[in-house]
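Given chain A, work out where chain B should sit, using these hints.
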Amino acid sequence: MTLSTPILWVFLPLFISLITGIFYRSRILGIILTCTTSFGLSALAAFFPEDMVISIGPLTLAFVENLGILGRQIIISYQILPFIAFIYFSTGVWAAGSVRLSVPESFRPTSLVVTALLTAALGVEPFLYAALFIEGAILFSIPMLSPLLSKTHPGILRFLSLQTLALPFILLAGWLLSGVETLPPDSPLIVQTMIILGLGIGLWLAVFPFHSWVPMVTEKAHPLPVSFVLFIFPTFITLFSLNFLDRYTFLRTSQGLYQSLRSIGTLMIVLGGLWTAYQDDIKRAFGFSALTETGFLLLVIGLADQGGLSLLLMLFPAHAVSFFLWGFTLSLFETREDSHSIKALHGFALRYPIISSGLLIAQLSVAGLPLFATFPIKIALFSDAFAINSALGAWIFVGSLGLFFFTIRLLINLVTPNTEQAITSWVLTEKSSVYLPILLIILAMIIMGLFPHAILTNITTILTAFGQLQ
Amino acid sequence: MLALSTLAFLLIVITAMVILIFRDWRINTAALALQYLAVFYLVTLSWPIGLAIVKLIVGWMATAAIGLTCLRQMEEDTPTESTSSLFFRALAGLMIILVMFVISSTLQERVFPNVDLVIIRSGLMMVGMALMQLGTNASPYLTIMSLLSFMAGFELIHAALERSTLLTGLMASVNLGLALVGVYFIMKSTDRDESQKEEEEK
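Going down the list, the protein sequences come from chains A and B. Position in the first sequence (from 1) plus 3 gives the number in our numbering. Position in the second sequence (from 1) plus 1057 gives the number in our numbering.
Just so you know, the hints here were simulated from the structure itself, not pulled from any lab data. Don't take every hint at face value.
[Stated by the list, open to error] Pairwise CB distance ranges (calculated):
#1 B:SER1221 with A:LEU186: 16 to 26 Å
#2 A:ILE25 with B:ALA1121: 22 to 32 Å
#3 B:MET1152 with A:SER215: 15 to 25 Å
Ideal Cβ placement from N, Cα and C applies to all residues, glycine included.
One chain only, chain A, in its complex shape (with noise of 0.2 Å):
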């Protein structure tokens, strides 16, 4: 029996999530076709033989890596298997993670649908139509950030307004792309060809100016579903510029697109690390570090030449883990306080102390601390920038700080005893099936931060795709 890889990694996950949405209100049933399709597909992807053939018994499934459809092809291969593998796996990790919070019934049927269509968009031919399944996922995204009962907030009608003009951006870029291959270098075509398709990405990792809505959702939208979408729209859109890179020599040779996309970059941190640094909100402050990451996923690409590319796959899942905690603690806060404001939450960790430093180390790790997640990648993006140039690794240091700072800010305001209440001391409060799921993934974060190279370098395998970047 002959199957294809994208009916097991785009078709099933897409007609369970029709099930789970069908029966949305059954909460369990949500829940356990989401983790086990998610968790199942993850190891599938992880474990699956390098001849494609699986024997069951009797049974012998060969599987091939295309699917034809309307003469294009959706193609699976063996060596983004990694990647498929680690994003089922953050998808899983969200859905359990949605257990015991308040989370809306659309996420878990449309975290799959999401995760579904972006693993499409990877492997879609001719690669370009890959927009149009990224603006799926883009719209199925919009229940989750704006659920039925609640208001809909003008961040929501900006993210699907900036996203959705990314859209012709990159179709136009594929169709100035077809024609540009055989013109000189200095054609200014190719500039022009550049241009839209820096627009088109910018627009879709809300490079700035295009990043208002970030945190205009972060602030009003549940922590868990965003940050859901803050990792996995720019670990998917990052992974699909690398084809960009591979497919054009014109782009991948040009010293001036690496410049640009580390000053870009580096703008990025820095804006976002001096707006996180003063935010009062700590939603809003997730939503600004978000946009601090964006500018390290686009300064590695841009030292591409110093070995950035396997830096950005390392960052990937040290984002994942540190994202997810910061959704999952936010959730937590949100559903004990009423007030996202720092300076309302005076005595929080007395009463809520494993909660509280959840959230702290999250913010820690994705600022780069030492013993966490993205020490190891964030210390040798430091040397690499310094190496290139002492006053971009200087600004890229100063943007760092910005979450720092917060975090310090952060901290004396949850320790400091709250006078209107009556803990004045420590107390735990938490019960296990709150502080199990934070503890387990402090710990994964450890782990990744003191063997760098036993966990997070698995996945720079899949840098065997994209043939000329290698």
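Showing chain B alone in chain A's frame:
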């Protein structure tokens, strides 16, 4: 042929202006439906009618979905607007028309040499007006109308550049998806208002 193209272009300019200036969903829905008709005719200049009609059907389906939801959900009375705000938006629209007229010939010369000027102008008018609308309002209904108009403008130009059945199908899905998101936004804002009223009455 030329007369019909010019008529389609004029229809696009007028309907885009109407969508930009007015806030009454009835007028805007009718304008969007007419805009899709004009887009359909201009797409037939590049594509066979059998394929171009997909744009018309999808556009009308999206318009109908939004229009019918508004009919059911929105209040009968449209809030009255001051003449100055109408005048401001009309002026902004005229400026967009002027800018698009200026840049369309340059764009044809440098980027799209094989595309008819009337197609580029029509597409740019829709794109420009939709962007102006997106930048000046925060209403879910108008945002979706603007995005649909923006996509129609882009698709008009893109149709002259590339013909692909799969792409047409995927674009149709995106347009219908946008319309469904619009329906979702309109419904949820009204449902929420109703539930709030019920709570207040209790």
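Item to complete: Would you pick out the hints that fail for this structure and give their numbers low to high?
Response: none
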